[in-house]
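Protein chains in written order, with my numbering: chain A, 1 to 340; chain B, 1 to 340; chain C, 1 to 338; chain D, 1 to 338.
Treat the hints with care, as some may be off.
To be verified - Computed list of lysine-lysine pairs in DSBU-like fashion (alpha-carbon distance at most 35 Å, straight line):
#1 B:K147 / D:K265
#2 A:K23 / A:K313
#3 D:K51 / A:K203
#4 C:K51 / A:K147
#5 A:K14 / B:K203
#6 A:K147 / B:K203
#7 A:K283 / A:K23
#8 C:K265 / D:K265
#9 B:K36 / B:K13
#10 B:K147 / D:K51
#11 C:K238 / C:K162
#12 B:K147 / A:K203
#13 A:K13 / A:K313
#14 D:K238 / D:K265
#15 A:K147 / C:K162
#16 A:K23 / A:K203
#17 C:K51 / C:K162
#18 B:K14 / A:K203
#19 A:K203 / B:K36
#20 A:K147 / A:K13
#21 A:K283 / A:K313
#22 A:K147 / A:K283
#23 B:K203 / A:K13
#24 B:K147 / B:K13
#25 A:K283 / A:K14
#26 B:K36 / B:K23
#27 A:K13 / A:K36
#28 B:K203 / A:K203
#29 D:K238 / D:K215
#30 B:K203 / C:K51
#31 D:K215 / D:K265
Unchecked claim - Short derived list, chain C residues pointing at chain D, Cβ under 8 Å:
#32 K104
#33 Y107
#34 A130
#35 G138
#36 A287
#37 P300
Stated by the list, open to error - Partial list, derived from the structure: chain B residues whose beta carbon lies under 10 Å from chain C:
#38 E100
#39 G111
#40 A115
None of these hints come from the bench; they were simulated from the model. All residues carry an ideal CB built from backbone N, CA and C; glycine is no exception.
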Amino acid sequence: MEITELDSDKVSKKVCALPERDKALGMYESMVRIRKYEEQIYYLFLEGRISGSIHQSHGQEACAVGMLYDSRVTDLMASTHRPAGHDLAKGVSLESMMCEMFGKANGCCHGKGGAMHTGDIGVGAIPANAIVGSNIPISVGMAYSCKMRRTDDVVVCFFGDGASNEGGFHEGLNGAAIWSLPVVFVCENNLYGASTHVETTMKVRTIAERGAAYGIPAERIDGNDVMAVNEAGARAIARARRGEGPTLLELMTYRIAGHSRSDASAYRPDEEEAAWQARDPIKLFRGRLIGEGLASAAELAAIDERVQGQVDKAVQLAEASPDPLPEDALRDVYAGEGGI
Amino acid sequence: MEITELDSDKVSKKVCALPERDKALGMYESMVRIRKYEEQIYYLFLEGRISGSIHQSHGQEACAVGMLYDSRVTDLMASTHRPAGHDLAKGVSLESMMCEMFGKANGCCHGKGGAMHTGDIGVGAIPANAIVGSNIPISVGMAYSCKMRRTDDVVVCFFGDGASNEGGFHEGLNGAAIWSLPVVFVCENNLYGASTHVETTMKVRTIAERGAAYGIPAERIDGNDVMAVNEAGARAIARARRGEGPTLLELMTYRIAGHSRSDASAYRPDEEEAAWQARDPIKLFRGRLIGEGLASAAELAAIDERVQGQVDKAVQLAEASPDPLPEDALRDVYAGEGGI
Amino acid sequence: MPRMSVVEALNCAIAEEMQRDESVFCLGEDISDANGGYGGAFAVTRGLHAKFGAERVLNTPISEMLIVGMAVGAAMTGMRPIADLQYGDFLFCCMDQLVNQAAKMRYMSGGRVSVPMVLRVPVGATGRGAQHAQSLEGFFTHVPGLKVICPATAYDAKGLLKSAIRDDNPVLVFEHKLLYGGKRSESGALSMVGEVPADDYTLPFGQGVVRREGKDITIVANLLMMYRAMDAAAELDKAGISCEVIDPRTLVPFDYALVIESLRKTGRLMIVHEDTYSNGWGAQLAAYVAEHEIYLLNAPISRVATHDVPIPCAAVMESFVIPSTARIVAAARALMQI
Amino acid sequence: MPRMSVVEALNCAIAEEMQRDESVFCLGEDISDANGGYGGAFAVTRGLHAKFGAERVLNTPISEMLIVGMAVGAAMTGMRPIADLQYGDFLFCCMDQLVNQAAKMRYMSGGRVSVPMVLRVPVGATGRGAQHAQSLEGFFTHVPGLKVICPATAYDAKGLLKSAIRDDNPVLVFEHKLLYGGKRSESGALSMVGEVPADDYTLPFGQGVVRREGKDITIVANLLMMYRAMDAAAELDKAGISCEVIDPRTLVPFDYALVIESLRKTGRLMIVHEDTYSNGWGAQLAAYVAEHEIYLLNAPISRVATHDVPIPCAAVMESFVIPSTARIVAAARALMQI
Ligand SMILES: Cc1ncc(C[n+]2csc(CCOP(=O)(O)OP(=O)(O)O)c2C)c(N)n1
Ligand SMILES: Cc1ncc(C[n+]2csc(CCOP(=O)(O)OP(=O)(O)O)c2C)c(N)n1
Ligand SMILES: [Mg+2]
Ligand SMILES: [Mg+2]
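The shape of chain A in the complex, shown without the other chains:
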């Protein structure tokens, strides 16, 4: 069912044209950055060089990059426990994220946040949220703020299939609808919430059809086709910018790794994994870029290499960076001096 869902008439099958070369290569590079970052993180964990837990986003690069590649720095983005792709695509610096993974003082959260809370408000990425679904009402508030401040900035709010069963989804989408707020709700449906298949968590076939309960237009998209995501995302964002209200996008995708560090994905059938592997979003995009003559294999390999260099450098930087002081833990609880 999983992969065939992509063939269902619920998923837009429109083939979207490639953009001009600069943008195409930029998108490719952004996807590769996420992939290489996540692969590096995976090895760092295996080797015990970083600790805690991880929820990795590789395999879902087309969702992050398709939605965020054209984002303004003043546009806002709210992510989840699986934030690396979104953060990197929104422009959080790779170095600051890597340093955060190592718990260093120069991490994007100064070591306080960790893997599930990365972000950089300077580029519009609020701290990622590890409470499933809770970033949805927050995004609605950010959109209300955009509207009140008379900007035409837009909020992109990511969440998973599992999150769409949380009460905050309902309250948040309803609020955004009644006030026509500039927010795009992006559900990355990767078929599982942790070990639980989406089909066991709802009786309807798609999350997109839940938009109707709020009067929110919705679409189901191939989330491994970065141009399809980019095209639908552009329409939704433009609609939001014009003040016409929220959109719900359901992006069908698949994670490469397990749910979290220690998860071997025993619940995923081998054939399913293989089928999705064949539709790897970077592989697909690379194929089109070369096939339609926008770039040569060598050019793309050069990008791969350059990005790998960035990742390696980030690891070196992170390892060489100082730990926070233990007492730094006592700072940043409250804003302002003389608080408590």
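Add chains B, C and D with the ligands to chain A, keeping to what the hints say.
Chains B, C and D with the ligands only, in chain A's frame:
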């Protein structure tokens, strides 16, 4: 808009036949009991003989009676901050409710619950819930219990239009749907949540159409037509008993009193109130009973009088009943002896 | 100086701050009084719609996660929301947005975002039963990242609420339903009106106030209980027991210094609150004193609190579980006899 | 006697009770291990699906209000649900169902309904940041109507969980992630295995246990902190300071008598917990002692608790804010010098 909504094609306009005489008169009596009880409560408050707050259910009698008249004693019912109609229709004794309103030791909650928590588990009415929407997940648990215990009992869960915007509505309906649980969700849409019109709280026109987001069949019914409610309720309950899962019913109705004790309903247009007054559910039902020859005006007047007598007697009983002891407040926190 | 009820003082503080700062706005259920609406369950936001319009006096659906979540999101991105939850008890419907989100966002970001929001929380038992009665302070003095204030007079209400609105942190304002004053004729309500400067002023957090001087017992009491403690102190005075009554006014930050200064004189500490006995906010104060200044004590610490039960509805039981003036008097007498 | 980890002991208790009583069932996210599922985020419910089927090992959507609300509803109508919330922090997503509903239903009904449910709550900091780290006890010792237990050994885990399942009240079971044992290689995890009777036994609530006898200081500590206190006690012993370590095992009801008995001997009280300093569960114990038995004390009460901050992620900061053995030792030395 309000009253015309009843004429919209979203509301079933089917005219349902009257039942045989016994049932018809029983339903009439049950509705009158609610009316007279609530009117009495209103005066008792005005006169300062009881205190606290009240959320009254008169005007909505057809919803309670239509849904519950055929209820088994082992069927379960979960009510709200506006519980009197539901409780009386489910079979909670009028005396024990009146005593509870007076805060007496022999009240249905021994004085501990008060106006917003009346109920009697002995007749399947769990304590009413004053947290808007929170009885919905609880009802799903009760339905799961019915199913696990291999009964064919059914849960009727009442809530308001306002409650349908709570996260618990979403989580609860979804859960009931995926496990096909024997529960009927009854939304009494009386057009307002406190002072706020339903149209300002959602962009869709009906609450019924939210059922589709969960794969739950839904219907919008004239909630002031007791036979229409009874017919739709019977179908939904039968479906649940057969193990075919939940139904969402939206009953269009109107409260006679303000939202709570001190509310003069300044937010309701006079014409709207008048239009609904003309469609008073008891008046409508009385008209049909007489018009179709099932009962004479005198017979119905006799019922009215008998019921008024019951209410008067309940007030006398309540006033004569002893207060709880102050120290009774320390009991019933925990079950079992030697607790804490 | 104008005389105002607490409701009027709160309304005045909000109106002045909304006038002063465009980023301040209100949201909550039934807070607008357009078209015959309530202007808030306790009428605190009455008249604001006419002055500031629907966008800045935002009536919401009955969706507490949405209300507080929106406040968090708006606060992180340049606004100063004031959220209203009708009854404090409903906070449990959105605790995640408060405890996991509002309180932790700044810290998790390494200090890079701020959450300047205010949440108004009516508390106290008023004959409505267990789900409309709780005094919740102890839950929130337990959450690093939140500030918690509890103004008991009209003067404090205006000054502290203004400080809360200008504060760059999430601030919970506990208001007692029986202290609102004005036209509400709730049984047990105090009909308080106080002098409130018509012009702009703010009051600092972390500064309690001595409501009555005394030398035998230091009574620390907040909100309604402060008034009961004052009544008890007057009664005890006749019996020759002199009580110093301290109103902490803010619980986080807490003015420990003021309490300790008083204890140097009295050597006896009594804490009175409507919060529960077990782990109510007074537990922390008692523990703090027993840790840091136990040698100032000439007697055991005494706590007079709501008994550890859900709040019963019937008046005779409700008034039994909530601390009464008589219970305070009895506890004080007992304290003097030890 | 078989030797088990805490996870195995909890699993064993659940399996035996499900076997014994058809009304017992489990629900929660990812609790089933059918088709390669987890059998619980911490594998506590592994194997139960094969034994009892999907209806009694109910995998739910990610819907905490649904999970706890269903538990309340099922419990009121004849079942004994055991709900699993993966991480205690997620409790804030369903506090209303717990605090307003589970805790108050019985009382509001005048004792006519019961809510025999169990909620399992993994707590403790494990390098995952502020939203997966909280020690929440203080929130719930503040809620009349709930019982709160915190087993620290495999033996207690089985016996107390069985009592919880048979109890007719809502019981929260606080489990520490670093004490689960088994195959989890969490940094900082204790690899504990203990003797656990293979047959049926229950342990009563409200009975603490003396983990180590001593005469100078009474240290009351729960969960992971009990082990740190034991390590500290061993170290202090070498320095000639003799500590009695008490594990309260249940927080509501609390075994005040055992603590007081110990204080008669030691005269010094230290409380150690991973809960926050302000209004953590120890505040109540300290306040209680300062109220009822202050004359037993020869020194100030000492509390060693997590600093009042959200939990930071980086190891160097996390371990700074959580009480360490060294901090306990230092506090004990300070206490002896006063
Ligand atoms: C409120 C809450 N409940 C449960 C969890 C534990 N948890 C973390 S991620 C996850 C699965 C989320 O699934 P989905 O929303 O589909 O996102 P995905 O992991 O697939 O990206 C769960 C259950 C949590 N973090 N927060
Ligand atoms: C969680 C929660 N939020 C707010 C309230 C306050 N409140 C009580 S009744 C009510 C209106 C409910 O509207 P609706 O669900 O339509 O029911 P109705 O009163 O119309 O019967 C509100 C806002 C509450 N009791 N609980
Ligand atoms: Mg998923
Ligand atoms: Mg309504």
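A quick look at each hint next to the structure:
| no. | hint | result |
| --- | --- | --- |
| 1 | B:K147 / D:K265 | violated (56 Å) |
| 2 | A:K23 / A:K313 | holds (25 Å) |
| 3 | D:K51 / A:K203 | holds (27 Å) |
| 4 | C:K51 / A:K147 | holds (20 Å) |
| 5 | A:K14 / B:K203 | holds (29 Å) |
| 6 | A:K147 / B:K203 | holds (18 Å) |
| 7 | A:K283 / A:K23 | holds (17 Å) |
| 8 | C:K265 / D:K265 | holds (32 Å) |
| 9 | B:K36 / B:K13 | holds (29 Å) |
| 10 | B:K147 / D:K51 | holds (20 Å) |
| 11 | C:K238 / C:K162 | violated (39 Å) |
| 12 | B:K147 / A:K203 | holds (18 Å) |
| 13 | A:K13 / A:K313 | violated (40 Å) |
| 14 | D:K238 / D:K265 | holds (20 Å) |
| 15 | A:K147 / C:K162 | holds (25 Å) |
| 16 | A:K23 / A:K203 | violated (40 Å) |
| 17 | C:K51 / C:K162 | holds (18 Å) |
| 18 | B:K14 / A:K203 | holds (29 Å) |
| 19 | A:K203 / B:K36 | violated (43 Å) |
| 20 | A:K147 / A:K13 | holds (33 Å) |
| 21 | A:K283 / A:K313 | holds (25 Å) |
| 22 | A:K147 / A:K283 | violated (39 Å) |
| 23 | B:K203 / A:K13 | holds (29 Å) |
| 24 | B:K147 / B:K13 | holds (33 Å) |
| 25 | A:K283 / A:K14 | holds (19 Å) |
| 26 | B:K36 / B:K23 | holds (20 Å) |
| 27 | A:K13 / A:K36 | holds (29 Å) |
| 28 | B:K203 / A:K203 | holds (23 Å) |
| 29 | D:K238 / D:K215 | holds (14 Å) |
| 30 | B:K203 / C:K51 | holds (27 Å) |
| 31 | D:K215 / D:K265 | holds (6 Å) |
| 32 | K104 | holds (4 Å) |
| 33 | Y107 | holds (4 Å) |
| 34 | A130 | holds (5 Å) |
| 35 | G138 | holds (5 Å) |
| 36 | A287 | holds (4 Å) |
| 37 | P300 | holds (4 Å) |
| 38 | E100 | holds (8 Å) |
| 39 | G111 | holds (4 Å) |
| 40 | A115 | holds (7 Å) |
Figure legend: structure checked against the earlier numbered hints; hints not met, in rising order: 1, 11, 13, 16, 19, 22.
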